[in-house]
Amino acid sequence: MWKIAAGFLVFAGIALYMLSKGGDVDMSGNEHGSSTAEHAPAALAPASAPASASK
Amino acid sequence: MATAAAPRPMSEGEKMVIFASSLGTIFEWYDFYLFGVMSAIIAANFFSALDESTRNIFVLLAFAAGFAVRPFGALVFGRLGDMIGRKYTFLITILIMGLSTFLVAFLPTYKTAGIIAPIALIALRMFQGLALGGEYGGAATYVAEHAPHGRRGFYTSWIQTTATVGLMLALMVILGTRTYFGEKDFADWAWRIPYAMSGILLAISVWIRLKLNESPAFAKMKSEGKTSKAPLSESFGQWKNAKIVIFALLGLTAGQAVVWYGGQFYTLFFLQTFLRIDGPTANVLIAVSLILGTPFFVFFGAWSDKIGRKPIIMAGCLLAVLTYFPLFGALTTYGNPKLQQAIQKSPVTVVADAGSCNLILNLTGTAKFTTPCDLARVYLSNSGVNYDSVAQPGAVANVKVGDKSIASYDGAAPNAKDEKARFEKEVRAALNEAGYPAKADPIPVGSSNWLMLVLILTILVVYVTMVYGPVAAMLVEMFPTRIRYTSMSLPYHIGNGWFGGFLPAISFSIVAAQGNIYSGLWYPIIIAGMTFVIGMIMVKETKDVDIYAND
Numbered sequence: 001m002w003k004i005a006a007g008f009l010v011f012a013g014i015a016l017y018m019l020s021k022g023g024d025v026d027m028s029g030n031e032h033g034s035s036t037a038e039h040a041p042a043a044l045a046p047a048s049a050p051a052s053a054s055k
Numbered sequence: 001m002a003t004a005a006a007p008r009p010m011s012e013g014e015k016m017v018i019f020a021s022s023l024g025t026i027f028e029w030y031d032f033y034l035f036g037v038m039s040a041i042i043a044a045n046f047f048s049a050l051d052e053s054t055r056n057i058f059v060l061l062a063f064a065a066g067f068a069v070r071p072f073g074a075l076v077f078g079r080l081g082d083m084i085g086r087k088y089t090f091l092i093t094i095l096i097m098g099l100s101t102f103l104v105a106f107l108p109t110y111k112t113a114g115i116i117a118p119i120a121l122i123a124l125r126m127f128q129g130l131a132l133g134g135e136y137g138g139a140a141t142y143v144a145e146h147a148p149h150g151r152r153g154f155y156t157s158w159i160q161t162t163a164t165v166g167l168m169l170a171l172m173v174i175l176g177t178r179t180y181f182g183e184k185d186f187a188d189w190a191w192r193i194p195y196a197m198s199g200i201l202l203a204i205s206v207w208i209r210l211k212l213n214e215s216p217a218f219a220k221m222k223s224e225g226k227t228s229k230a231p232l233s234e235s236f237g238q239w240k241n242a243k244i245v246i247f248a249l250l251g252l253t254a255g256q257a258v259v260w261y262g263g264q265f266y267t268l269f270f271l272q273t274f275l276r277i278d279g280p281t282a283n284v285l286i287a288v289s290l291i292l293g294t295p296f297f298v299f300f301g302a303w304s305d306k307i308g309r310k311p312i313i314m315a316g317c318l319l320a321v322l323t324y325f326p327l328f329g330a331l332t333t334y335g336n337p338k339l340q341q342a343i344q345k346s347p348v349t350v351v352a353d354a355g356s357c358n359l360i361l362n363l364t365g366t367a368k369f370t371t372p373c374d375l376a377r378v379y380l381s382n383s384g385v386n387y388d389s390v391a392q393p394g395a396v397a398n399v400k401v402g403d404k405s406i407a408s409y410d411g412a413a414p415n416a417k418d419e420k421a422r423f424e425k426e427v428r429a430a431l432n433e434a435g436y437p438a439k440a441d442p443i444p445v446g447s448s449n450w451l452m453l454v455l456i457l458t459i460l461v462v463y464v465t466m467v468y469g470p471v472a473a474m475l476v477e478m479f480p481t482r483i484r485y486t487s488m489s490l491p492y493h494i495g496n497g498w499f500g501g502f503l504p505a506i507s508f509s510i511v512a513a514q515g516n517i518y519s520g521l522w523y524p525i526i527i528a529g530m531t532f533v534i535g536m537i538m539v540k541e542t543k544d545v546d547i548y549a550n551d
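Sequence order for the protein chains is A and B. For the first sequence, the working numbering gives the first residue as 1, with consecutive numbering after it. For the second sequence, the working numbering gives the first residue as 1, with consecutive numbering after it.
Worth flagging that the hints you see were computed from the coordinates, not collected in a lab. Just to be clear, a hint being listed does not mean it is correct.
[Unchecked claim] Capping the alpha-carbon separation at 30 Å, the derived lysine-lysine pairs in DSS-like fashion look like this:
hint : chain 1 : residue 1 : chain 2 : residue 2
1    : A       : Lys21     : B       : Lys184
2    : B       : Lys87     : A       : Lys3
3    : A       : Lys3      : B       : Lys15
Okay, chain A solo, but in the shape it has when bound (with noise of 0.2 Å):
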């Protein structure tokens, strides 16, 4: 069981570190439908959306 913890804990900080280095990226999977539409941000489009509106 301890060998299971440890290869978690191992894979977890080597996700944790890519992640961090590793920027902007759709964690959600955006597999809820398509963020290409321009008028009609779908329910997933993340930060992208208001970039027009930041200052």
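Given the structure of chain A, go ahead and fit chain B onto it with the hints provided.
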């Protein structure tokens, strides 16, 4: 009635069964998530050159392939699994999933091959959806049928970790490839590499799964000639079993699915879209909570062997119903405190003639909205702005921020583009003046706000583990061996594919209609509440069921 087995250590054979099943399922989730995480690149290479209506059809199909199609896979492969066996069926599902993913790596793009490219892509995505529909029921059934009585929850809980682990694996491979090759090469061609890697994962999974034996329960049934000749009609055509399938859906998997999506994906969406937290920060917060929460799948699966499946699953649903609003409110407090203050001090209202306001439901991202009222609300919702709707007959839709009023615009008018820019600029200026932040302040890792966010998010993930950890064992225990694969797969994939899959679109639609950024939570709350009531009344505890009693 069998008594709980004294916990003996897992045999090597049993470890192999769990390992092989889980590994393959992780890879299936990896394949499935690749498509979603890289959807922008996929769209750019396959869909964006199409004319709009064709593009919309393909986007719709891609969405359908991932979600709507899963229950059909459940039917096809569930039936196969009950007729020819678990081992061969979930060898087939992993082959289909692995091959269709692997082949994406070699697809020509629209630029090279024209319309054939997106058609081929959608076909492959459909195969993925079908394969996934068959995989989970097979893996859960296979492991459960090897588990000693009294340990089924613990044994199957390992399968329950695979969706989360598969997602992390997909992210790591994608990020690693992107970092190594750089953005440009990744967008050009290196995006194919994570797909190609699937070939290696497939080879490993097939090799491992070929070493497995058929589940003893099925093998026994086959040797006695008692397998079902028509699992579909036995599962759903006979009311005695069909009603259990319905209760499994409404009293178990529907609620489980909305809590799963609520705690794993809706939180991410909420952090980014409503709280305006930047992508990388939000990703890390969610990832940390998933990592901290993942061991609880196994914990609750194991605990369900002692105290029952129902108490844990029902408690998870009830906790979601009772605490989602305060927990998400707390996310705002620690994630974007300025936003919370602005909402209290300078409320925003949309004033419009109710007749010009439509339902904002964008299930697949292809809906278009053109009335001033709709456009105003979509813009505000997407900008994470909390607002109230005020009906005023005859009014031209306008947005009021404090005492400033900004007229909306007609999306169908010839000057719509300019008007859109004007509207958004003016609204943004008014919001800024009223103290609404365009972005959340940075949240340094390890700061007290960051830690509180991790705590709240982890609690939400723990709810996920409560409803999901024991559910594989419970579904297995609800049905006899001869129709188990068929009967448990369908409610699982309707629950997770449909009730869960549509959660983001439905929740967003409610937010856009209501204006309140928390109102999207009503959907998971109502569904989880329904499951709690139906589950408590109609679904029986199953942990002490002898799963071979009706064979």
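Now the hints, each set against the structure:
1. Our distance criterion of 30 Å between C-alpha atoms is met by A:Lys21 and B:Lys184, whose separation comes to about 17 Å.
2. Between the alpha carbons of B:Lys87 and A:Lys3 the distance comes to roughly 27 Å, so the proposed pair stays at or under 30 Å and holds.
3. For the given pair, A:Lys3 sits about 13 Å from B:Lys15 by alpha-carbon distance, which is consistent with the 30 Å threshold.
When held up to the earlier numbered hints, the structure conflicts with none and fits them all.
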